[in-house]
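Chains Z, L and F, in that order, give the protein sequences. Using my numbering, the first residue of the first sequence is number 5, and each one after it goes up by one. Using my numbering, the first residue of the second sequence is number 268, and each one after it goes up by one. Using my numbering, the first residue of the third sequence is number 1247, and each one after it goes up by one.
Incorrect hints may have been included.
Here are the simulated SDA-like cross-link-like pairs (lysine to any residue), alpha carbons at most 25 Å apart as the crow flies [to be verified]:
(1) LYS214(Z) <-> PRO1347(F)
(2) LYS214(Z) <-> GLU1339(F)
(3) LYS214(Z) <-> ASP1648(F)
(4) LYS214(Z) <-> PRO1346(F)
(5) LYS214(Z) <-> ARG1304(F)
(6) LYS201(Z) <-> GLY1621(F)
(7) LYS214(Z) <-> GLY1420(F)
(8) LYS201(Z) <-> VAL1624(F)
(9) LYS214(Z) <-> GLY1621(F)
(10) LYS214(Z) <-> HIS1617(F)
(11) LYS214(Z) <-> ASN1627(F)
(12) LYS214(Z) <-> VAL1343(F)
(13) LYS214(Z) <-> PRO1616(F)
(14) LYS201(Z) <-> ALA1623(F)
Rather than coming from a laboratory, the hints here were simulated on the basis of the structure.
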Amino acid sequence: MSVHTFTLDGQPVAGAAGETILEVATEQGVSIPTLCHLDGLSSVGACRLCVVEVAGRPRPQPACITPVEEGMEVVTRSEELDEWRATVVEMLFVERNHICSICVANGDCELQDLAVDLGVDHFELPAMSPRLEIDSSHRLFAIDHNRCVLCTRCVRVCDEIEGAHTWDVMGRGIDARVVSDLGTPWGASPTCTSCGKCVQVCPTGALFEKGRAVGEGAKERRPFLPYLRRHGAGTR
Amino acid sequence: MTSCAGDVPVAGLVIGVGNPLRGDDGVGAAVARAVAHVERVWALAVTQLTPELGEALAAAPLAVIVDARVDLPPGSIHQERLTGTEARRHAAVLGHHLAPAQLVDLTRLAYGWVPPVFVVGVGACDFDRIGALSGPVAAAVPDAAAIVSALLSAPVASPGG
Amino acid sequence: MSGSGQDQAPAPARGEERIVIDPVTRIEGHARITVTVDGNGAVTGARFHVTQFRGFERICLGRPMHEMPAIMARICGICPVSHIVASSKACDEIMAVAPPPAAVQLRRVINLAQVVQSHALSFFHLSSPDLLLGFDAPAGDRNLFGVAAAEPWLARDGIALRRFGQTIIETLGGRRIHPGWVVPGGVGRPLEHDQRNAILAAVPEALAAARRGLRWYREQLDRFSEEVESFGTTPMLSMGLVHDDGTVAYSDGDLRVVDGAGTVVADGIDPRTYHEHIGERARPDTYLKATYWKPLGHPDGLYRVGPLARLNVADRLGTPEADDRLGEYRERLGRTPQSPFHYHEARLIEILHGITMIGEILADPAVLDPHVRAGAAVNRNEGVGVAEAPRGTLFHHYRVDDDGLVEWVNLVIATGHNSEAMDRAVAEAAARHVRADRLTEGMLNRVEAAIRCFDPCLSCSTHALGEMPLVIELRDAAGVLLDRAARP
Ligand code: SF4
Ligand code: FES
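Given the sequences, and given the hints that come with them, work out the whole structure.
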């Protein structure tokens, strides 16, 4: 297995070919904020929160899907990056309706944590306040699209781990939604095994267990996916 | 708010006033947090001074109220020893929230005495951020905390205030 | 006064802050009172207007049922607990579950703590200045400072009683303004041994303060015979919850209605059928829906709720000492006192009862049972939850779809039940003090005090002591403004 040496925030580091910048950074103890990425699932680079600067490349690169290369110079922290990440988080907030105080995930929400960590404490962008629906037809679980950040973790865990492929993303841009069985109400899904994995991986309160009251949605982020954590295997 | 932190006599009460959801207004709470670990300090963070705090005040040998001030340059710190005045109680409509001098007055009237009370004001400017202090104000927190600690450990001339 | 935390007791500065983005706008209602006079300057009517609340019934649409208690808690920063209790009970109904016995008791405790805390604020902080210093004392003195200067113990007792209630709410619900602990099916966490002991230890001191306050009030009463008589004494019905054994109920029980003479008009009414018995009238110039007892129609069916009404409907309270005080009260004022002025005494007796009851409930080790929550899916599409809030009977009525999403909400709040009674009180107080086309200071003070007897749940009733942010308008029969006075 060939090894690439490069610099991470000025420090020389080495990573195996096929590893992503995120993986090497994590090994090195350098933390990069992420949202759509989840260890054990494939990476899709959907949220762009993990962006880093790579010398010679015009735009910041998502660390979760960018493989390391020999001689690369990677910067994980800078004012521009902070601003970029903060803007990404702000956009996620204003695009839908995230109302922490009445949310089942309050206190256990990755979006909320990111806002705290990145100092996103007010919005300059206008809130779009769309009226989105809640599908509560499943016996055990519900999905509130108001809180979905389209990270597609649910889509991937269902497909890659459970093997049911109940979830997909339908529509583009502002109209994009995760849907069960191409638009069948979740409760009528012929493929859903009710395993609950999607609920556990959802970073926000979009997917939740019914019957949980506000702030009671604490997810069990147990490491139930270790068998995919091979170098390279998690990366497309 | 029950009794003072159990049976150990407290050296002093620190009341950080302000709403951390309103940017620099949270500086009082930040300073209170910074001194909360100091031995025998009883630190409270409140959004406003309420009559209920009179009980805590009357039970403390010394008190420091930390608050944000808009009339000071951001990050600058002002300290003064408070003496409540009878005149001031008429000054403002008394709602649920009191000015520090009013709290001192009320405490003296209701409980018969007040400990020496100091007010530490920190200049503030940005009230729009939720849960975060602006740069200069955040930088002033350690200094303000040091001033509070010094006030708590220095012997004070006479009770009253 | 909603989310900004005025009511929050001090919390130790530790733990982390979290961003909470709460779009629910603050309820800042200024009350407006219109008094109308005829050509001779005689008062022909009065109206108390409020702008608040309605938005909540719409905010909830489409939300999952389990969010309802948390949303409802935000109606009001003053009595969030009663809203949470009523809301959770409506959800219990929808799930068709009975919360475990310990949860029922703990909900009672937290609601009683809310009653004690809220009554203490109403009496000691807001009303005792008038009683102590007189209605004609300068507004600048009629506040807690004036009380602390004249009768320091009275201010201390008020503070201590508020702290007693607030500490219980924090112990059970967590250090938050809007406790999320009462949940559909029960409560979120069982009570711990130490918590129970700490609350029990505070009971004797609180009882002593409650006794002193009541004794003192009774000594003052003689000085206020004019106000007692002029604050809206028209006999009316009283409505409240009672247990099967006739004792006053706060978190459960059935509705009972008695008339001005103490005759029982209706009894054992399942509160879930409230809409069959209570008529609601939307009125064009206020957001308060006025209610009336349907079988008697409007206006004969006008009724009061809250402390005065609860003591009127109940046979007894159910704790010996408070029942002795209730006996004395009835001996003096009759079986069903009608002057809203007596809300004050009723409130003090309820404080005494509430503290005693909290002690009694917690003395039973059964409250420590770890089984405090029942779970279920949607088993019914409709649920009504009722509770006695400090200010009176509170109904939460929800309809949900089969998946538990809210389709329709109706709230009937205490201040709505009382709104016409308040109109009457204002009209009577005004009739005594209006001079032709002019508003007098004496009238302003007394109108303010008459309204305050009801302790209406408005930000204006608690924001300011001594002065209520209030606009009073005097209009002739044609609606022409004759005089106007504003209290900032
Ligand atoms: S429902 Fe949750 S896991 Fe699925 S895409 Fe939306 S935020 Fe991600
Ligand atoms: S974590 Fe890399 S793009 Fe989302």
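Okay, the hints, checked on the actual structure:
Distance hint between LYS214(Z) and PRO1347(F) is fulfilled; the C-alpha atoms sit about 23 Å from each other, no more than 25 Å. Taken as a hint, the LYS214(Z) and GLU1339(F) pair is honoured in the structure, with Cα atoms around 16 Å apart against an allowance of 25 Å. Between the alpha carbons of LYS214(Z) and ASP1648(F) the distance comes to roughly 13 Å, so the proposed pair stays at or under 25 Å and holds. For the hint linking LYS214(Z) to PRO1346(F), the alpha-carbon distance of about 20 Å falls within 25 Å, and the restraint holds.
For the proposed pair LYS214(Z) and ARG1304(F), the alpha carbon gap of about 22 Å is at most 25 Å, so the pair holds. Proximity of LYS201(Z) to GLY1621(F) is assessed by CA-CA distance (about 22 Å); at most 25 Å being required, the pair is judged to hold. Proximity of LYS214(Z) to GLY1420(F) is assessed by CA-CA distance (about 23 Å); at most 25 Å being required, the pair is judged to hold. At roughly 23 Å between alpha-carbon atoms, LYS201(Z) and VAL1624(F) fall within 25 Å of each other, so this suggested pair holds.
A hinted pair counts as satisfied when its Cα atoms are at most 25 Å apart, and LYS214(Z) with GLY1621(F) qualifies at roughly 10 Å. Proximity of LYS214(Z) to HIS1617(F) is assessed by CA-CA distance (about 20 Å); at most 25 Å being required, the pair is judged to hold. Restraint check: the Cα-Cα separation between LYS214(Z) and ASN1627(F) comes to about 16 Å, which is no more than 25 Å; the hinted pair holds. With a CA separation close to 16 Å, the supplied pair LYS214(Z) and VAL1343(F) stays within the 25 Å bound.
The straight-line distance between the Cα atoms of LYS214(Z) and PRO1616(F) is roughly 22 Å, inside the 25 Å bound, and the hint therefore holds. At most 25 Å may separate the alpha-carbon atoms for a hinted pair to count; LYS201(Z) and ALA1623(F) meet this at roughly 21 Å.
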